[in-house]
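S.K.: Residue numbers (full-length UniProt numbering): 1 to 82.
It should be emphasised that the hints constitute simulated quantities derived from the structure, not laboratory data. From the three backbone atoms N, C-alpha and C, an ideal C-beta is built for every residue, glycine too. Take the hints with a grain of salt, since some may be wrong.
[Unchecked claim] With beta-carbon atoms standing in for the labels, derived distance ranges:
no.	residue 1	residue 2	range
1	C35	N12	41 to 51 Å
2	P28	I81	37 to 47 Å
3	H33	V76	22 to 32 Å
4	K15	M62	24 to 34 Å
5	L31	T57	18 to 28 Å
6	I30	L2	13 to 23 Å
7	L2	M51	41 to 51 Å
8	V27	E80	42 to 52 Å
9	Q59	H29	10 to 20 Å
10	T3	E80	52 to 62 Å
11	Q4	R63	36 to 46 Å
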Amino acid sequence: MLTQVEFRAVWNDAKYEVGLGTDTQVVPHILRHTCASRLVRGGIDIRRVQMWLGHQTLQMTMRYAHLATNDLDSCVKVLEIR
Numbered sequence: 001m002l003t004q005v006e007f008r009a010v011w012n013d014a015k016y017e018v019g020l021g022t023d024t025q026v027v028p029h030i031l032r033h034t035c036a037s038r039l040v041r042g043g044i045d046i047r048r049v050q051m052w053l054g055h056q057t058l059q060m061t062m063r064y065a066h067l068a069t070n071d072l073d074s075c076v077k078v079l080e081i082r
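With the hints as extra help, turn the sequences into a complete structure.
M.R.: So this is what it looks like as structure tokens:
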């Protein structure tokens, strides 16, 4: 396992490789946020996203739920099936 110093060195090298070396807004947690956002936008059930991220509460995961507002149309389609 990497120490914090080793991880930070690898992280900084990766940032420079993609042209974000001096951007202080790009932090390791942004990867978790991007992962959660993509899962929700991809239609993955919010409970599964919660388990994937290891969130203790659904409330924590619900921060990403606003990204799935287009899913409301699919709810209507299910209710209209005869």
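S.K.: Now tell me, hint by hint, if it's right for this structure.
M.R.: For each hint, the structure was consulted:
1. A C-beta distance of roughly 21 Å is found between C35 and N12, which places it outside the suggested range of 41 to 51 Å.
2. For P28 paired with I81, a C-beta distance near 44 Å keeps the hint of 37 to 47 Å intact.
3. A hinted range of 22 to 32 Å holds for the C-beta pair H33 and V76, which are about 30 Å apart.
4. Checked against the given bound of 24 to 34 Å, the beta carbons of K15 and M62, roughly 30 Å apart, stay inside it.
5. Checked against the given bound of 18 to 28 Å, the beta carbons of L31 and T57, roughly 21 Å apart, stay inside it.
6. Look at I30 against L2: about 18 Å separates their beta carbons, and that is inside 13 to 23 Å.
7. At roughly 25 Å, the beta-carbon separation of L2 and M51 lies outside the given 41 to 51 Å, and the hint is violated.
8. Hint check: V27 to E80, Cβ distance near 44 Å, so the stated range 42 to 52 Å holds.
9. Look at Q59 against H29: about 18 Å separates their beta carbons, and that is inside 10 to 20 Å.
10. Taking 52 to 62 Å as the suggested C-beta distance range, the pair T3 and E80 conforms, at roughly 56 Å.
11. Separation of Q4 from R63 is about 26 Å and departs from the stated range, judged on CB atoms against 36 to 46 Å.
When held up to the earlier numbered hints, the structure conflicts with 1, 7 and 11 and fits the remainder.
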